Structure formats: C-alpha cells, structure tokens
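Chemist: Sequence lines, in order, name chains A and B.
Numbering-wise, the first sequence is residues 4 to 115 according to the working numbering.
Numbering-wise, the second sequence is residues 6 to 117 according to the working numbering.
Among the clues, some could well be false.
[Stated by the list, open to error] When the alpha-carbon atoms are kept at most 30 angstroms apart in a straight line, the in silico DSS-like pairs for lysine-lysine are as follows:
| id | chain 1 | residue 1 | chain 2 | residue 2 |
| --- | --- | --- | --- | --- |
| 1 | A | Lys103 | B | Lys8 |
| 2 | A | Lys103 | A | Lys60 |
| 3 | A | Lys16 | A | Lys60 |
| 4 | A | Lys103 | B | Lys46 |
| 5 | B | Lys8 | A | Lys60 |
| 6 | B | Lys46 | A | Lys60 |
| 7 | A | Lys16 | B | Lys46 |
| 8 | B | Lys22 | B | Lys73 |
| 9 | B | Lys73 | B | Lys61 |
| 10 | B | Lys73 | B | Lys8 |
| 11 | A | Lys103 | B | Lys73 |
| 12 | A | Lys103 | B | Lys61 |
| 13 | B | Lys46 | B | Lys22 |
| 14 | B | Lys61 | B | Lys22 |
| 15 | B | Lys8 | B | Lys61 |
| 16 | B | Lys61 | B | Lys46 |
| 17 | B | Lys46 | B | Lys8 |
| 18 | A | Lys60 | B | Lys22 |
Worth flagging that the hints you see were computed from the coordinates, not collected in a lab.
None of the values given here were measured: they were computed from a predicted structure.
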Amino acid sequence: KAGVTQTPRYLIKTRGQQVTLSCSPISGHRSVSWYQQTPGQGLQFLFEYFSETQRNKGNFPGRFSGRQFSNSRSEMNVSTLELGDSALYLCASSLQGSEKLFFGSGTQLSVL
Amino acid sequence: ELKVEQNPLFLSMQEGKNYTIYCNYSTTSDRLYWYRQDPGKSLESLFVLLSNGAVKQEGRLMASLDTKARLSTLHITAAVHDLSATYFCAAEAIQGAQKLVFGQGTRLTINP
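Isolated chain A, as found in the complex (with noise of 0.2 angstroms):
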C-alpha cells in the first residue's frame, strides 16, 4: 500500500512568488491535513481537508490556501512569499480525521 507522497520534494521560491505544493494521500483515506516545521515555531498545523471542505484552519495568514480534490488529493498554495515561509510542509492523511495520521516525507520550502 502506497503511503502519503508529497511534491516537490525540494523546492526554492524568490521573495514575492507564489508556490503550489501537492498531496496525495493513501488510497482511501478522506482526510488530509498540512503542517509547517520550522526550527524556532515547531511543527504547526495550516489547515485540514475532509471530502474537499475545509474542517479546520489554523492561524496563519490568507496567503495560505488550500483545496482537495475529489480523490482526495489535496494541493497547498502560498502566495507573495516571504523570507519566513521557508520549513518543511508536511502533510497527512487519515481515513476519516482523529485517528492515526500517516504523514508525507514532506516538501522543503526555500525561500531566497
């Protein structure tokens, strides 16, 4: 069983660009979440997707976007970059949310 594959895997974005990253979760699960890592703010949760609505958000700003597919397939857009957007975007799925979450090898985010 294929688990949660992430793209691109590396990535590197000037100031003021926009970027769109992609999610595909194990086949079957319906929910999808993202997180950024960062070594000074930790791991923190952006936003979870279920059936291709938005659940849950968390506190970033709306240069931080969202969508899922109806295949459950989800994408991450930012837009405008910033110097601080540079982390680790991981996301995650799960069948249904509030179970277990298996989490993608994630994309590294450069911003110069």
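Guided by the hints, dock chain B onto chain A, whose structure is given.
Modeler: Only chain B this time, still in chain A's reference frame:
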C-alpha cells in the same frame, strides 16, 4: 488555547539506561499522540493514546496517558543507539479533528 510542553528538550543517554520523556498539555484533550522523526525524514507514528490510564508498548518504548494530570510519558527501556531521534507528542485541539498541537520535540541521543 491548547498548549503542549515536552521535557526535556535534549536528552543524551548511554545505551542500556532507562529514561522518560514527559508531555504536559494545558487543556482537555481526548487523544494524545507520540511521533518519531529522524533527521531529514518525516514523522513516524508511534502511539495513539485514547483514554485515561491508557498504556501502550512497542519494543523498548512504552507510552502512558493520565488525562486528569494532563500528562503523558514516553518511557525508554534499555536504550539502544537505533532509538536516537527526535520524539514529539501531540494533543488533539478539537475533538474529532486532525488539528494537532505538537510539543517542541525531545532530541534524544543514545551513545554507545
């Protein structure tokens, strides 16, 4: 607002010794999670603790949950080098949701 605190944040120990990592959380939470992260890798789920008094064991690791004290512990027995990693606890911020609040992580180094 739910806050999760781990201690210690850094732990260096010798092989064969026992030690405990503590995880305190500030408000009621129905579930407590423990994850392991190796350098440059994603998060690996270790335990999900669902109720007061829950105890789970896997190999040399044992986790417990005391919801009244809002405390979870991860006990390491007869440590081996392969257990060197960063360990995170996380509590569920909203019942039934994937919105987890993570502790700062405990970087565990086991020396031969």
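Chemist: Decide, hint by hint, whether the structure agrees.
Modeler: Checked hints:
The suggested pairing of A/Lys103 with B/Lys8 holds, with an alpha-carbon distance near 20 angstroms, which does not exceed 30 angstroms. For the given pair, A/Lys103 sits about 19 angstroms from A/Lys60 by alpha-carbon distance, which is consistent with the 30 angstroms threshold. Pair hint A/Lys16 plus A/Lys60 holds up; C-alpha atoms about 25 angstroms apart against a cutoff of 30 angstroms. Restraint check: the Cα-Cα separation between A/Lys103 and B/Lys46 comes to about 18 angstroms, which is no more than 30 angstroms; the hinted pair holds.
Among the hinted pairs, B/Lys8 with A/Lys60 is consistent with the structure: their alpha-carbon atoms are about 17 angstroms apart, no more than 30 angstroms. The suggested pairing of B/Lys46 with A/Lys60 holds, with an alpha-carbon distance near 25 angstroms, which does not exceed 30 angstroms. The hinted pair formed by A/Lys16 and B/Lys46 meets the criterion: a straight-line CA distance of about 22 angstroms does not exceed 30 angstroms. About 29 angstroms separates the Cα atoms of B/Lys22 and B/Lys73, which keeps this hinted pair within 30 angstroms; it holds.
A threshold of 30 angstroms between alpha carbons decides the hint, and for B/Lys73 with B/Lys61 the separation of about 18 angstroms falls inside it, so the pair holds. In summary, the hint linking B/Lys73 to B/Lys8 is supported, as the alpha carbons are separated by about 16 angstroms, within the 30 angstroms threshold. In summary, the hint linking A/Lys103 to B/Lys73 is supported, as the alpha carbons are separated by about 23 angstroms, within the 30 angstroms threshold. For the suggested pair A/Lys103 and B/Lys61, the alpha carbons sit about 14 angstroms apart, so the restraint of at most 30 angstroms is met.
Between B/Lys46 and B/Lys22 the alpha-carbon distance is near 26 angstroms, which keeps this suggested pair within the 30 angstroms criterion. With a C-alpha separation of about 20 angstroms, the suggested pairing of B/Lys61 with B/Lys22 holds against the 30 angstroms cut-off. Our distance criterion of 30 angstroms between C-alpha atoms is met by B/Lys8 and B/Lys61, whose separation comes to about 23 angstroms. Proposed proximity of B/Lys61 and B/Lys46 is supported: the alpha carbons are some 24 angstroms apart, at most 30 angstroms.
Between B/Lys46 and B/Lys8 the CA atoms are separated by roughly 25 angstroms; this keeps the pair inside 30 angstroms, and the hint holds. Proximity of A/Lys60 to B/Lys22 is assessed by CA-CA distance (about 42 angstroms); at most 30 angstroms being required, the pair is judged violated.
Violated hint: 18 only; the structure is consistent with all others.
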